[in-house]
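Using the sequences and the hints given, assemble the complete structure.
Here the protein sequences come in this chain order: L and A. FYI, in our numbering the residues of the first sequence are 40 to 113. FYI, in our numbering the residues of the second sequence are 2 to 178.
It is worth saying that the hints were derived from the structure and are not from the lab. This one's a predicted model, so the numbers in the text were calculated from it and none came from an experiment. All residues carry an ideal CB built from backbone N, CA and C; glycine is no exception. Among the clues, some could well be false.
[Said to hold, decoys possible] Cβ pair distances, simulated, as ranges: (1) G110(A) - A45(L): 35 to 41 Å; (2) D133(A) - K74(L): 35 to 41 Å; (3) S72(A) - I58(L): 17 to 23 Å; (4) P44(L) - A143(A): 26 to 32 Å; (5) P44(L) - V150(A): 18 to 24 Å; (6) R91(L) - H109(A): 43 to 49 Å.
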Amino acid sequence: MEFHPAVLTAAVGDTIVWINRDIVPHTATADGRTKWDTGQLTQGQEGRYVARHGGVARYVCTLHPTMHGKLVIR
Amino acid sequence: MLAIAVLLALTSAQQAQSPAPDLSDPEVAHVAVTANSIDIDMAKLAQTHTTKAAVRQFAATMITDHTAVNSQAAALATKLGVTPKDNAVSQFLQTGATQARTSLEPLHGAAFDRAYMDREVAYHQAVLDAIDKLLIPTTENAELRKLLVDVRPAIATHLEHAKQLRSQLGAPAGTGK
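In structure tokens, the structure reads:
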């Protein structure tokens with residue numbers, strides 16, 4: 040199980056949307072100083088985050104800590 | 002470890018008799034539901050026996066994920082009009098689970114955590130092997146086979162999670178606290 044794409048580049052002001060295409064629930068949860076969290080998304084559910092600052096934001100699935108993703112906000 | 006030995010022994014014994022293992026689809030469905038239910042029960046035991054947040058979180062994920070998979074399996078079985086049928090593989094899994102529970106129940110704290118995570122590593126490896134070598138090859142219905150294929154990544158991720166967590170717990174189970 041993994042985030043697709045593992046690294047996503049976006050612009051400040053963009054809305055990033057995660058869609059759970061898996062059977063089991065997942066989260067996308069910030070792993071850095073800026074805190075954000077989609078909460079648990081079950082199959083087919085969407086979570087959103089609006090990128091307000093530039094920089095690199097790493098995130099994980101709190102249910103599956105082996106899943107990692109990265110946002111590059113320009 | 003017993004679950005692995007038993008499952009692999011069974012797989013190779015069946016392969017020795019005939020090229021393809023011959024579980025029926027209702028039997029495959031029963032194995033899938035049994036395998037999920039066993040790990041849910043083990044996770045519930047862990048939640049009352051561990052004092053470590055990471056182990057409690059792992060157990061919570063096992064309950065969430067295996068419950069989600071069983072819901073899908075139940076929905077598919079209903080849709081296909083399949084009634085899961087008990088069989089030798091389900092019984093082997095159940096026997097292994099009963100033995101594991103007996104050895105885990107008296108343990109607490111760090112000793113429990115190590116033994117539980119050892120079991121979870123071995124169990125998910127055994128289930129992965131069963132999915133690849135026994136269940137997917139023997140399943141006739143395309144939708145049931147697709148469910149097994151779709152579930153596989155979750156089991157592989159659980160295995161990695163379990164290995165990672167186990168490696169943080171130190172000394173082998175049974176060598177003291």
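Which of the stated hints cannot be reconciled with the structure, identified by number in ascending sequence?
-> Structure breaks no hint.
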